[in-house]
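Engineer: Chains as they are written, first to last, in our numbering: chain E, 1 to 504; chain P, 1 to 504.
In case anyone wonders, no lab produced these hints; they're calculated from the structure.
Some clues are possibly wrong.
Some chain P residues close to chain E (C-beta under 10 Å, calculated; not the full set) [unchecked claim]:
id, residue
1, Q38
2, Q85
3, E327
4, E415
Across the chosen pairs, the derived CB separations fall in these ranges [to be verified]:
id, chain 1, residue 1, chain 2, residue 2, range
5, E, P157, P, S412, 50 to 56 Å
6, E, E161, P, D242, 54 to 60 Å
7, E, E266, P, S438, 52 to 58 Å
8, P, D139, E, G306, 34 to 40 Å
9, E, G154, P, T27, 45 to 51 Å
10, E, G306, P, N440, 41 to 47 Å
11, P, G84, E, K118, 15 to 21 Å
12, E, K118, P, E396, 54 to 60 Å
13, P, N275, E, P157, 53 to 59 Å
14, P, E291, E, D33, 55 to 61 Å
15, E, A62, P, E396, 33 to 39 Å
16, P, G84, E, D159, 30 to 36 Å
All of these numbers come straight from a predicted model, not from anything done at the bench.
Ideal placement from N, C-alpha and C gives every residue a C-beta, glycine not left out.
Residue strings, one per chain:
Number of protein chains: 2
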Amino acid sequence: MVASMRIAPNLLRTCKQLTVLPRMVSTKILTVDNINPQVITMQYAVRGPIVIRAVELEKELAKGASKPFKSVIRANIGDAHAMGQKPITFIRQVLACVTNPSLLETGKYPADVVEHAKALLDGCGGHSTGSYSQSPGIDLIRKHISEYITRRDGGIPSDPENVVLSGGASESIRNVLKLFVDHRKSKKVGIMIPIPQYPLYSASVEEFALGQVGYYLEEEKNWGLNVTELERAYQESLKKYDTKVLCVINPGNPTGQVLSRQNMEEVVKFAHKHNLFLMADEVYQDNIYAEGSKFHSFKKVINEMGAPYNMMELASFHSVSKGYMGECGMRGGYVEFFNLDPDVYVLYKKMISAKLCSTVLGQIVMDCVVCPPKPGDPSYDQWLKEKTAVLDSLKERARLVKEAYGSIEGVSCNEVQGAMYAFPRLLLPPKAIEKARSLNQEPDFFYAMQLLESTGVCIVPGSGFGQKEGTYHFRTTILPQKDVMKDMLARFTSFHKKFLEEYK
Amino acid sequence: MVASMRIAPNLLRTCKQLTVLPRMVSTKILTVDNINPQVITMQYAVRGPIVIRAVELEKELAKGASKPFKSVIRANIGDAHAMGQKPITFIRQVLACVTNPSLLETGKYPADVVEHAKALLDGCGGHSTGSYSQSPGIDLIRKHISEYITRRDGGIPSDPENVVLSGGASESIRNVLKLFVDHRKSKKVGIMIPIPQYPLYSASVEEFALGQVGYYLEEEKNWGLNVTELERAYQESLKKYDTKVLCVINPGNPTGQVLSRQNMEEVVKFAHKHNLFLMADEVYQDNIYAEGSKFHSFKKVINEMGAPYNMMELASFHSVSKGYMGECGMRGGYVEFFNLDPDVYVLYKKMISAKLCSTVLGQIVMDCVVCPPKPGDPSYDQWLKEKTAVLDSLKERARLVKEAYGSIEGVSCNEVQGAMYAFPRLLLPPKAIEKARSLNQEPDFFYAMQLLESTGVCIVPGSGFGQKEGTYHFRTTILPQKDVMKDMLARFTSFHKKFLEEYK
Numbered sequence: 001m002v003a004s005m006r007i008a009p010n011l012l013r014t015c016k017q018l019t020v021l022p023r024m025v026s027t028k029i030l031t032v033d034n035i036n037p038q039v040i041t042m043q044y045a046v047r048g049p050i051v052i053r054a055v056e057l058e059k060e061l062a063k064g065a066s067k068p069f070k071s072v073i074r075a076n077i078g079d080a081h082a083m084g085q086k087p088i089t090f091i092r093q094v095l096a097c098v099t100n101p102s103l104l105e106t107g108k109y110p111a112d113v114v115e116h117a118k119a120l121l122d123g124c125g126g127h128s129t130g131s132y133s134q135s136p137g138i139d140l141i142r143k144h145i146s147e148y149i150t151r152r153d154g155g156i157p158s159d160p161e162n163v164v165l166s167g168g169a170s171e172s173i174r175n176v177l178k179l180f181v182d183h184r185k186s187k188k189v190g191i192m193i194p195i196p197q198y199p200l201y202s203a204s205v206e207e208f209a210l211g212q213v214g215y216y217l218e219e220e221k222n223w224g225l226n227v228t229e230l231e232r233a234y235q236e237s238l239k240k241y242d243t244k245v246l247c248v249i250n251p252g253n254p255t256g257q258v259l260s261r262q263n264m265e266e267v268v269k270f271a272h273k274h275n276l277f278l279m280a281d282e283v284y285q286d287n288i289y290a291e292g293s294k295f296h297s298f299k300k301v302i303n304e305m306g307a308p309y310n311m312m313e314l315a316s317f318h319s320v321s322k323g324y325m326g327e328c329g330m331r332g333g334y335v336e337f338f339n340l341d342p343d344v345y346v347l348y349k350k351m352i353s354a355k356l357c358s359t360v361l362g363q364i365v366m367d368c369v370v371c372p373p374k375p376g377d378p379s380y381d382q383w384l385k386e387k388t389a390v391l392d393s394l395k396e397r398a399r400l401v402k403e404a405y406g407s408i409e410g411v412s413c414n415e416v417q418g419a420m421y422a423f424p425r426l427l428l429p430p431k432a433i434e435k436a437r438s439l440n441q442e443p444d445f446f447y448a449m450q451l452l453e454s455t456g457v458c459i460v461p462g463s464g465f466g467q468k469e470g471t472y473h474f475r476t477t478i479l480p481q482k483d484v485m486k487d488m489l490a491r492f493t494s495f496h497k498k499f500l501e502e503y504k
Numbered sequence: 001m002v003a004s005m006r007i008a009p010n011l012l013r014t015c016k017q018l019t020v021l022p023r024m025v026s027t028k029i030l031t032v033d034n035i036n037p038q039v040i041t042m043q044y045a046v047r048g049p050i051v052i053r054a055v056e057l058e059k060e061l062a063k064g065a066s067k068p069f070k071s072v073i074r075a076n077i078g079d080a081h082a083m084g085q086k087p088i089t090f091i092r093q094v095l096a097c098v099t100n101p102s103l104l105e106t107g108k109y110p111a112d113v114v115e116h117a118k119a120l121l122d123g124c125g126g127h128s129t130g131s132y133s134q135s136p137g138i139d140l141i142r143k144h145i146s147e148y149i150t151r152r153d154g155g156i157p158s159d160p161e162n163v164v165l166s167g168g169a170s171e172s173i174r175n176v177l178k179l180f181v182d183h184r185k186s187k188k189v190g191i192m193i194p195i196p197q198y199p200l201y202s203a204s205v206e207e208f209a210l211g212q213v214g215y216y217l218e219e220e221k222n223w224g225l226n227v228t229e230l231e232r233a234y235q236e237s238l239k240k241y242d243t244k245v246l247c248v249i250n251p252g253n254p255t256g257q258v259l260s261r262q263n264m265e266e267v268v269k270f271a272h273k274h275n276l277f278l279m280a281d282e283v284y285q286d287n288i289y290a291e292g293s294k295f296h297s298f299k300k301v302i303n304e305m306g307a308p309y310n311m312m313e314l315a316s317f318h319s320v321s322k323g324y325m326g327e328c329g330m331r332g333g334y335v336e337f338f339n340l341d342p343d344v345y346v347l348y349k350k351m352i353s354a355k356l357c358s359t360v361l362g363q364i365v366m367d368c369v370v371c372p373p374k375p376g377d378p379s380y381d382q383w384l385k386e387k388t389a390v391l392d393s394l395k396e397r398a399r400l401v402k403e404a405y406g407s408i409e410g411v412s413c414n415e416v417q418g419a420m421y422a423f424p425r426l427l428l429p430p431k432a433i434e435k436a437r438s439l440n441q442e443p444d445f446f447y448a449m450q451l452l453e454s455t456g457v458c459i460v461p462g463s464g465f466g467q468k469e470g471t472y473h474f475r476t477t478i479l480p481q482k483d484v485m486k487d488m489l490a491r492f493t494s495f496h497k498k499f500l501e502e503y504k
């Protein structure tokens with residue numbers, strides 16, 4: 001339903017063209033009638049029609065068009081630098097040195113930056129970042145990642161051989177999902193994903209023609225995972241699918257919850273009981289804000305739970321795009337496998353080899369994240385100061401957003417415990433819902449588009465992430481810097497009042 | 001056949017484990033018995049078992065192991081920097097400035113580098129290369145690419161809107177192939193690919209469960225395309241497949257031919273007659289060495305041929321990994337679409353949006369390639385000198401390789417007109433073929449593995465690219481620098497003599 005809604009504008013246009021110009025369309029070899037059907041049905045709302053319209057509006061403003069607002073505020077995507085966050089100096093100094101090694105000899109860079117850059121260049125073919133790396137990534141960086149994981153998890157060992165770098169975490173997530181595809185079988189493999197969820201999952205599951213098995217997060221319990229609901233979703237799925245995978249996003253996207261240790265143990269027991277492969281999206285592991293919240297990796301939890309849980313198959317993902325660094329454009333990420341069948345792993349590495357390797361500079365940013373300056377290193381103080389400033393500011397904005405949305409009539413908002421998003425609920429008046437339906441739009445899509453056209457604020461409707469029937473939400477990032485954030489909240493509040501007035 | 005051969009070592013190991021340890025294997029959720037079957041059958045020889053062994057040998061040498069050689073020479077992959085080619089200064093200076101913009105103010109960089117970097121940063125969200133770009137790439141870079149294409153093709157217009165950047169050309173090639181997948185249909189879409197071919201094509205066709213339609217290149221005519229052979233392959237394919245796509249690699253990989261203008265017109269007429277979508281892999285467009293050879297883009301040719309050919313659907317690919325820059329690790333590339341159905345294009349852009357964007361720094365390297373210093377710019381002289389030196393040296397090595405392999409008994413080698421490879425033919429003695437078969441190996445795989453173990457020279461057997469039944473070849477790059485190249489040719493010649501002696 002949701003999927004068919006969102007594509008409406010394109011398909012409508014297509015239908016019109018098919019009606020008006022049948023000859024023109026039919027002369028093409030590749031058309032919407034014979035294209036990969038999964039490409040038609042897959043949807044990725046974070047870059048959907050509302051965002052496309054936001055980009056158009058920005059271009060119109062740049063050309064001097066008159067609008068009821070002076071700027072577009074893009075709160076649709078977790079893109080920290082685009083919202084004014086400054087890069088971490090250490091990372092950028094290392095990048096400059098590895099791209100232009102003549103800088104190493106200038107004496108202008110701190111000794112630890114120079115040392116770090118030299119070690120990385122030693123790991124590159126011909127000492128150049130312009131060489132391909134091995135497909136799983138540069139050996140030294142895989143080693144640093146596994147050392148980081150070991151430290152993070154309080155000493156639970158990690159083997160560099162089980163770490164594979166990729167162009168952002170997305171690429172690894174998609175590669176792992178792809179392993180479960182089998183078009184010969186009549187029953188698709190079912191992939192359990194949260195609702196609401198980050199639409200990379202629904203889009204990839206759809207693109208690969210896997211089976212989407214949604215389990216609802218409990219809004220009333222700050223978007224926690226309820227095992228009864230997991231069980232319901234699993235049992236129902238078996239009618240259609242051979243369900244084999246459980247995806248968990250922690251901290252949550254778009255929902256901002258941080259799973260408690262106890263909740264994670266329940267989830268692990270559930271997954272073990274049904275022989276499910278665990279995919280743990282842990283890209284927000286550095287983004288924890290709430291008092292009493294703490295990040296636990298699934299790897300640590302299953303290991304500490306002991307046998308038989310420590311034998312479970314797990315793929316855990318991390319990225320350079322989030323955390324305190326927010327280096328989205330660099331496309332760095334990794335997957336760590338745990339207990340993967342060794343023969344499957346051989347095939348995995350073969351599969352990714354056709355794409356040669358992920359960007360070496362993205363790998364290097366990942367290295368700077370997992371192997372930052374240590375106390376006593378010349379770069380340490382500045383690095384710590386910058387990191388702390390970003391995380392403190394995000395924490396403040398997480399609080400600000402919850403308070404602001406929570407105080408508006410007809411909006412409710414859970415605490416943003418972690419990650420980079422709030423997912424407030426909208427109580428839309430029946431007349432607004434009616435109006436949206438008359439336009440063949442989801443009510444929260446209608447709301448979000450009106451908000452954009454009236455105020456320039458770009459958010460993503462909840463229907464793009466999934467939500468309980470009859471509820472409406474939107475996702476907003478907490479990334480706008482404080483002054484922009486206040487501007488955004490003011491624009492939103494004013495629009496929302498008018499909207500309620502219009503449709504009361 | 002070839003595919004099943006190459007996987008033999010892994011599968012054999014798997015089979016053994018299944019026999020010896022059935023319980024261990026069966027406890028896993030994801031196993032070789034239920035993994036995506038396309039992942040088992042797909043093969044990518046450029047990073048296959050011989051290369052894996054080469055990496056092992058390098059590690060053994062580094063640990064001080066005694067071998068009959070002191071170094072591994074990796075002639076298996078077109079990885080210029082790994083083989084000692086130096087980066088182009090202009091590209092690396094721009095990269096340093098966009099990653100660490102404080103360099104812009106130091107006065108140490110040429111004015112055109114600074115200007116270039118500033119313009120690119122203006123195109124990035126929040127002026128940071130750490131921001132996501134739009135999924136098709138940064139607008140300014142798409143514009144520069146289309147201006148480059150227009151210049152290259154003598155004024156034939158190119159629209160920036162039709163250009164989409166990607167992580168290397170490979171990603172674009174795979175994305176376009178994916179459009180033709182339809183698992184609902186009993187007849188797969190057939191993709192015509194050359195034999196020998198760059199195994200990205202066979203691997204991706206296999207991974208996506210498309211139909212591989214091989215057409216043989218004519219070794220006797222310097223690996224040219226023969227329309228009679230295209231016709232044969234096409235007609236035969238129709239029994240099994242709904243053949244819709246013709247892939248052409250020009251200049252050729254692994255075969256090094258440069259198509260003549262006349263040959264291209266024949267190919268275009270063939271494609272038009274059968275309503276085939278053209279995929280033109282033109283990543284070696286700057287690598288032309290032979291007297292009288294010239295690069296013509298398929299876009300230029302179909303436009304100059306006029307109607308109805310200028311209405312044909314075409315996707316053309318380019319990359320930063322080859323040419324004179326060889327920036328493989330940066331993962332920059334693009335596809336230009338021509339005459340693509342507009343609704344298909346909307347869906348294409350939606351499909352790639354789930355992967356967010358390709359690496360921004362890879363996009364920036366692409367920009368430096370399509371928008372290099374102009375005469376009169378402060379960086380121009382050095383840029384031209386460096387570019388010319390690389391291309392002149394490649395030209396010399398292309399000649400050297402052909403002469404060397406051509407002069408060895410039992411080896412023949414076509415002229416390397418372009419690209420970065422020679423694909424010499426091996427006349428193997430029947431006893432060697434017998435020996436290989438007894439080991440369940442392809443004869444040229446057997447030869448290449450022996451060569452590696454005895455001399456450290458790593459080449460890729462012809463069976464990884466496909467070849468006519470009963471013929472044996474190998475692919476070697478022309479990338480080793482001149483002294484290494486001479487060393488490699490000496491090692492090869494000495495091994496080859498001994499091999500012929502052993503199996504005579």
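Engineer: Next, verify each hint and record whether it holds.
Structural biologist: Verification of the hints:
About 7 Å separates the beta-carbon of P:Q38 from the nearest beta-carbon of chain E, less than 10 Å, and the hint is met. The restraint placing P:Q85 at the interface with chain E holds, with a minimum CB-CB distance near 7 Å, inside the 10 Å limit. Here the hint on P:E327 is kept, as its CB sits about 4 Å from the closest CB of chain E, short of 10 Å. At about 27 Å, the closest approach between the beta carbon of P:E415 and any beta carbon in chain E exceeds 10 Å, and the interface hint on this residue is violated.
A beta carbon spacing of about 54 Å between E:P157 and P:S412 agrees with the range 50 to 56 Å that was offered as a hint. Distance hint check: the CB atoms of E:E161 and P:D242 are about 43 Å apart, inconsistent with the given range 54 to 60 Å. Here the CB-CB span from E:E266 to P:S438 is close to 57 Å, well matched to the stated 52 to 58 Å. Checked against the hint of 34 to 40 Å, the pair P:D139 and E:G306 fails, with Cβ atoms roughly 54 Å apart.
Taking 45 to 51 Å as the suggested C-beta distance range, the pair E:G154 and P:T27 does not conform, at roughly 27 Å. For E:G306 and P:N440, the hinted distance range of 41 to 47 Å is satisfied, since their beta carbons lie about 44 Å from each other. At about 18 Å, the CB distance of P:G84 to E:K118 agrees with the hint of 15 to 21 Å. Taken as a hint, the range 54 to 60 Å is violated for the pair E:K118 and P:E396, whose Cβ atoms sit roughly 32 Å apart.
With their beta carbons about 58 Å apart, P:N275 and E:P157 fall inside the hinted range of 53 to 59 Å. The supplied range of 55 to 61 Å is broken by P:E291 and E:D33, whose beta-carbon atoms lie about 48 Å from each other. With their beta carbons about 50 Å apart, E:A62 and P:E396 fall outside the hinted range of 33 to 39 Å. The beta-carbon spacing between P:G84 and E:D159, approximately 33 Å, falls within the hinted interval of 30 to 36 Å.
Figure legend: structure checked against the earlier numbered hints; hints not met, in rising order: 4, 6, 8, 9, 12, 14, 15.
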